[in-house]
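Chemist: The listed protein sequences derive, respectively, from chains A and B. Number 173 in my numbering belongs to position 173 of the first sequence; there are no gaps in the numbering. Add 302 to a position in the second sequence, counting from 1, and you land on the number used in my numbering.
Just so you know, the hints here were simulated from the structure itself, not pulled from any lab data. Predicted model only: the values in this text are computed from it and were never measured. Accuracy of the hints is not assured; some may be wrong.
[As the list claims (entries may be wrong)] DEER-style ranges, computed between Cβ atoms:
hint: 1; chain 1: A; residue 1: Thr44; chain 2: B; residue 2: Asp417; range: 35 to 45 Å
hint: 2; chain 1: B; residue 1: Asn428; chain 2: A; residue 2: Ser207; range: 22 to 32 Å
hint: 3; chain 1: A; residue 1: Leu144; chain 2: B; residue 2: Asp417; range: 48 to 58 Å
hint: 4; chain 1: B; residue 1: Glu434; chain 2: A; residue 2: Ala107; range: 49 to 59 Å
hint: 5; chain 1: A; residue 1: Gly161; chain 2: B; residue 2: Arg460; range: 54 to 64 Å
[Claimed, not checked] Derived lysine-lysine pairs resembling BS3-like cross-links, with alpha carbons at most 30 Å apart:
hint: 6; chain 1: B; residue 1: Lys365; chain 2: B; residue 2: Lys377
hint: 7; chain 1: B; residue 1: Lys402; chain 2: A; residue 2: Lys295
hint: 8; chain 1: A; residue 1: Lys295; chain 2: B; residue 2: Lys435
All C-beta atoms, glycine included, are put in the ideal place defined by N, C-alpha and C.
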Amino acid sequence: MSSTEQGAVSDDGDRASAFSNTWEPSALEISRRKVRKKQNQRNTLIAIFSTVVVLGTLITLLVTSPGFKSLTDTFFAWAYGVEVLPKIILGFSTNVLLTIIASTCVAIFGMIIALTRTSRSPALLPFRILATAYVDIFRGIPMLLVILLVGFGIPALRISGLTNNVLILGTAAVVITYSAYVAEVLRSGILTVHPSQRAAARSLGLSHFQTLRFVVLPQALRRVTPPLLNDLVSLIKDTGLVSILGVTDAIRAAQIASSRSFNYTPYVMAAIIFLLITIPLTRFTDRTIRRSIEKQNAQGLA
Amino acid sequence: MSAPVLEISNLRKSFGDEVVLQNISFSVPVHTATVFIGASGSGKSTLLRCINLLDSVDDGVIKIDGEDITDPTIKSDQVRRKLGMVFQAFNLFPHMTVRKNITLAPIQVHGLSKDEANARADELLNRFGLMEKADQYPDRLSGGQQQRVAIIRSIALRPRLLLLDEITSALDPVLVNEVLSTVRDLKNDGMTMVLATHEMGFAKQVADEVCYLEAGQIVERGSAQQMIETPQDQRTIDFLKRVHEAGRL
Ligand SMILES: Nc1ncnc2c1ncn2[C@@H]1O[C@H](COP(=O)(O)OP(=O)(O)O)[C@@H](O)[C@H]1O
Ligand SMILES: [Mg+2]
Chain A
1 MSSTEQGAVS DDGDRASAFS NTWEPSALEI SRRKVRKKQN QRNTLIAIFS TVVVLGTLIT
61 LLVTSPGFKS LTDTFFAWAY GVEVLPKIIL GFSTNVLLTI IASTCVAIFG MIIALTRTSR
121 SPALLPFRIL ATAYVDIFRG IPMLLVILLV GFGIPALRIS GLTNNVLILG TAAVVITYSA
181 YVAEVLRSGI LTVHPSQRAA ARSLGLSHFQ TLRFVVLPQA LRRVTPPLLN DLVSLIKDTG
241 LVSILGVTDA IRAAQIASSR SFNYTPYVMA AIIFLLITIP LTRFTDRTIR RSIEKQNAQG
301 LA
Chain B
303 MSAPVLEISN LRKSFGDEVV LQNISFSVPV HTATVFIGAS GSGKSTLLRC INLLDSVDDG
363 VIKIDGEDIT DPTIKSDQVR RKLGMVFQAF NLFPHMTVRK NITLAPIQVH GLSKDEANAR
423 ADELLNRFGL MEKADQYPDR LSGGQQQRVA IIRSIALRPR LLLLDEITSA LDPVLVNEVL
483 STVRDLKNDG MTMVLATHEM GFAKQVADEV CYLEAGQIVE RGSAQQMIET PQDQRTIDFL
543 KRVHEAGRL
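This is chain A alone, in the form it adopts within the complex:
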């Protein structure tokens, strides 16, 4: 099926009538529509029924189970949750700040590393080797280890002029690790741009740098937008790991509150706050992925 046909089918059924204004559906089509409508109604009913039965059973089982009371008291003490909410939100602002700063730095470093690794220039060979080693190492170490190494290790060096601020060190650790991930995503995007695109650009007289900037990178970035958005969602969650250094982020704030009251509702509140950001972003990512797949399919058919 060609892309134009697909468009016509998925857009609106009315388009067919644009060919002649006098078209009326035939008796056959009308009876088919009736059957289809009935089928749809039946399917909707089945879906509603099955959902009610399954969810209803689960909820009933949960609520009537012997531990339900202590469960709600321990994790879902809403009044207490609302009480500690301001502290957790204040902590979450640290996560947001950290995400903004880290993602900016990661975009820059990741791009530099990716460009270095995909370059062909002999002068850059040592940098290519370094970049490859960097990516191999930091993609292979758990980020928590990097955070501990940087956050506790660097102050232990006692080098004057180097910061002991755990927030800065924690951010640096996140940037170090994510730059390695993002560099690989960007590199794979650059490599998927067909060499003939470079040849065409170079034969127009564009320099190596101009070819990258106007031809290769725009196409590469378009292709890796979905995986980059996935990485952004992970990054937001992983900023919580710096709480191990004593940074008062949402998780640390919840931990403080929880250790005072021996109640775990603050953790649940922190989880909800994270979800409020990550779920919409994940949905947005899914939509972007679907669009880019549709676009690629359309190009394949053209």
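Model the placement of chain B with the ligands on the given structure of chain A, informed by the hints.
Modeler: Positioned in the frame of chain A, the structure of chain B with the ligands alone reads:
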């Protein structure tokens, strides 16, 4: 007559152990077209890529307007500014509109202002009947339209020499003519060109010289009339017979 636009002597090119071009010598005077014919794999694309410095040569000299471009100290970007190249697979930039495809190099390489470049692009699009496609993306165009845009993109730089590599081979037969007529127009304007093609009828119309390439060597050369109607070398005769049987004469 003034110095030829392109002058190649004793060109040799190999990929590893495989010699792809050898003893290639020819020159292309200004306002003329030299057409290379030959079977797939005979080295036509490699020859054009060497002229455009997309591939490096093993030996021999390529001169453009008397300047030796095989000199290793030459700036390849500067050389390419004098050359236009159109590929078999169009190679338009899919993320740019037709107009942007055409104006990218004039703006970035030749330093034209956006207005000047747009004016030049629109003039060419108008002339070749593609004005209504100016703001479309390449994937909305037919193959023939895409290839004509690719031709316009390369001549927007006002090149000294245009290299056309089997520009109709990827096209539906019904779309071939619109592309060939664009090239004929350029030839009539006086564009100097080197072409690789399988379209013998077209070769006869535009070529001032036809060279038959086999296994990386020029086996026979002559005027279009002589080469296509009364070839002398048995290998040329056999090749033309095969092309004829494939229905392309
Ligand atoms: N990049 C390359 N590496 C190795 N061999 C190549 C390369 N490009 C072309 N060749 C070889 O060179 C020969 C000539 O190819 P080509 O110039 O594309 O021929 P044509 O355009 O006439 O079909 C072929 O045998 C092909 O396999
Ligand atoms: Mg070829």
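Chemist: Taking the hints in turn, state whether each one holds.
Modeler: Here is what the structure says about each hint:
1. A:Thr44 - B:Asp417: 35 to 45 Å: violated, 58 Å
2. B:Asn428 - A:Ser207: 22 to 32 Å: holds, 30 Å
3. A:Leu144 - B:Asp417: 48 to 58 Å: holds, 56 Å
4. B:Glu434 - A:Ala107: 49 to 59 Å: violated, 39 Å
5. A:Gly161 - B:Arg460: 54 to 64 Å: This hint holds: roughly 57 Å between Cβ atoms.
6. B:Lys365 - B:Lys377: holds, 14 Å
7. B:Lys402 - A:Lys295: Distance of about 20 Å is within 30 Å: holds.
8. A:Lys295 - B:Lys435: Holds: A:Lys295 and B:Lys435 sit about 20 Å apart, inside 30 Å.
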